[in-house]
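Peer 1: As a plain string of letters, each chain reads:
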Amino acid sequence: MTEQQFSRAEKFWMNFKLYQLWRFIVLNIKIYTIAVQSKWK
Amino acid sequence: MAKIVVIGAGFAGQTAAIYLGTRLGKKHEVTVISNRDVFGYVPSWVWVGVGHMKPEDTVFKLKPVYDRINVRFVHAAAKEIHPEPGDQYVLGEEIGTGNPVRLDYDYLVIAPGPLLNFAGTPGLGPDNGFTHSICSLPHAVKTRDAYLALVERMKKGEKVKIVIGTGHPLATCQGAAFEYISNVHKDLLKRGLRDKADILWLSNEPALGDFGVNGVQVKRNGIVMKSEEFIKSVFLDAGIRWQVQTGVKKVEDGKIYWENYEGQEGVTEFDFAMLIPQFKGQPFKYIGKDGEDISSRIVNPAGFVMVDGKYGLPYAELSQTPEAWPARYQNPTYPNMFAAGIAFAPPGPISRPFTNPNNFMIAPAPPRTGMVSGMIGRVVALNIVDMVNGREPSHSERMTEMVAACIASMGDSLWDGSAVAIVMRPVVPDRKKYQNEYGRDLFISHLEMGLAGAWMKFMLHHTFIWKFKALPGWQLIPE
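Protein sequences appear in the order of chains X and E. The number in this note's numbering is simply the position in the first sequence, starting from 1, with 1231 added. The number in this note's numbering is simply the position in the second sequence, starting from 1, with 1 added.
Incorrect hints may appear among the rest.
Below, simulated SDA-like cross-link-like pairs (lysine to any residue); rule was C-alpha separation at most 25 Å, straight line [what the hints assert, rightly or not]: (1) X:Lys1242 / E:Gly223; (2) X:Lys1242 / E:Ala239; (3) X:Lys1248 / E:Trp416; (4) E:Lys191 / E:Lys233; (5) E:Lys251 / E:Val142; (6) E:Lys4 / E:Arg392; (7) E:Lys470 / X:Trp1271; (8) E:Lys160 / E:Lys256; (9) E:Lys250 / E:Phe131; (10) E:Lys311 / E:Pro336; (11) X:Lys1242 / E:Lys191; (12) X:Lys1261 / E:Glu449; (13) X:Lys1270 / E:Val389; (14) E:Lys470 / X:Val1267; (15) X:Lys1242 / E:Asp238; (16) E:Lys233 / E:Trp243; (17) X:Lys1242 / E:Glu229; (18) E:Lys4 / E:Val102; (19) E:Lys470 / E:Pro139.
I should point out that these hints are in silico values taken from the structure, not numbers from a laboratory. Here the structure is a predicted model, which is why all the values come from computation and not from measurement.
Here chain E stands alone, though its shape is the one from the complex (with noise of 0.2 Å):
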């Protein structure tokens, strides 16, 4: 009988889980080890953060989905991992005793989602900081009582400056931060507030619309469309400023400090700001046999599992080298060990890193997140269930061959909301398959906004739910 111990139970780890429990789970024993109990579906905390859903309509409890496919769920923060073979194990500690936890293994998937790196930026984030974020549900629910306290003062005539975008010069995850600009821009609205409001886009991005993906480009009418001009159309319309090119360095209270591609150093005043931090690894400690820590030799300085990608190659290389990324995740010295979603080590940024006459680097870190972590996941967990059935792993899928289809709303509304759709193949430019400047395949590529996508985003929301829930047919979702 094989142990499989999967990290985590977000979007990869829970994907993973899924595939394992119900293709291994009667003969073998799957385990999840996660800190929290409950499934949160990330997407719609940026409507969390607005006032628009309950919290509790975004997670569901993970052990009567785990009692239904046969996995098997600890309660507890994953702490060390021990992968000489003869010997494997992960050592936790249980949420709530706070006592020790065992859990050995023939196979590990790490999937424990990001470590939010507010202490990266002084001054950042909810808690020692001044700024708020939308990437845990406690954090979009304080960024929803300070959102709503924001609007009593503008109900009262007080006109307020908001700052949304990116709290990190390496961080990742614009799309977030995009979606929640909107959605606050179309609450205000409706609430007859937008005139009280001055609301800027200040992000590391090389150019609007960029995302860390170096941009979506999409064909129409034989006219190359880039998201540049499609997101700049968009805030023009909606009265949203934008400052793209800058790394925000420290925040004080009211007081966002950056320095931008120029190397010129600026101050930017705020009521209110949502800004993502830095995305590192989780940080485990990796113990070797003799009981020394050799963390340096499977994880990169970020924190980050190594896999099976070509790292070290300068960006010139690396844009023009689709084989450089990971195909099944799977971390070369320890062939039993598995990487998903943000926590695999990727071998480079996507966008165009740049660094200013200060010597300071401005480079948005790839995103990994949705639906990348959901195809990781099932990659990861398909390989395993080769290997238990003494097959090679026959699955792979590289971020060069992915498509992501990502749905940003504005506003929540059935009747009257809005939603940017955009799809895009592959994730990471491959400039060998598509020769094109972009490397994308720009007919499948799509960018569109419309009451459609808001219907989309309802949509998704309740079909992944039921995905990760395992209810009856959710092989017939894809990730």
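So here's chain X without its partners, still in its complex pose (with noise of 0.2 Å):
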């Protein structure tokens, strides 16, 4: 990413179905584990 617009291969992955099906695997492992931590304080 510059600091401009994204750029044309940046918008390609945004959509890229089964890219983003990995991104969101990713993502929820990652959200979940850090906020279920939160669980135990």
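From these two lone chains plus the hints, build me the complex, please.
Peer 2: This is the structure:
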């Protein structure tokens, strides 16, 4: 990413379904694991 | 038998009520008093505001939920709190009849959500002003109607000016406004009307992407990327103009009057504006033993309840003192009184406040909605469980320790929608623990845009409504 608009490649990955499915899984695991730690405080 | 009263049934109040009801409800009396008989899932009101979600899909009735988890529900507006030991109670007015309601308590959770201070900016708001809001469901519905009427004008070829952002120099919740502007852009794009609208982001943030939390910083491939650059790219890509460092002072029909960091005053014209008002604490009266008003001993001038934070530190010192942020959200004078969510008084701003040459202060207030509210609701409830069971409160979580995730959607389509996923740890920078200039965990903090975010947003809508209904497995869903 530059300081200007998103590049064509970046836009492609943002809407490429298979890659986004991977990001969805990663995001879920990341958010869930750090948020669930808070439960024990 | 202990009596526990929860005022409010938003993210913080509902979370507290579910924990308290399921852990204490059978042996003790847990009561929720709320002026609304429904729970509203606030994050989805941005979709209501563009006509993409039915209002009824964002709410559900509270009483059937409470009946299942041994919580008593009182549909009334709390008015007075009598906190003196020996005779502690909440006085309210029953909705519909206006009959007085008295609720005695041993433990009190104050979580009524914010007072939307439209009066703080002349001409602001949908009721007595010229702008719109998505901060309550009726407001979101009004916003939708006004927005769809605007769309009709655009269909006839009219070019319009849309302004979205904050409507007060001390406003918070920039994230909600950001999500709304993104959804308006995406909706107009889909309708083929984007070229008919000039869209402006007008906000009190010190920089774009600040969101009232001093921005978000993440490390990617060894380089620190800031939310300022990221959101700039989002806006450039969407053709959205921006004006930050600006405090709105007054609104007239079609005109927003503002002042900026340099002290310049200006006017921005609009056909449609959605501006977030200042949030204040609910104006409850706190009454002492002899009937005197003791509110000034319990709440700060903005009406937020003082808890176990260190108040009065200058910003430079506060930003280096993570322990100044409250841990248990417990009032120091009345230890059986807790404040959760937006109701607790933060010790100061997270973003750097600014006073311009005209002595006009522009400073975003700390956001403490959504995930933060839920976490505080849980901490408060679990500490009350400890106290009821004769133990010292053992739970604590400062905003300088909390992680927060925010998914700001750009459209609601699961096929070609998008969303910005933001994760930050901690919400309030802790420069003692994290030895970098931002005071954040740059590995955990996260900024990403794409279709996956839209799926996350959709999933969160359903999982959180599941949780707030206390349906089976709700305990597995984090706040």
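Peer 1: So, against the hints stated earlier in the document, which numbers end up violated here?
Peer 2: none
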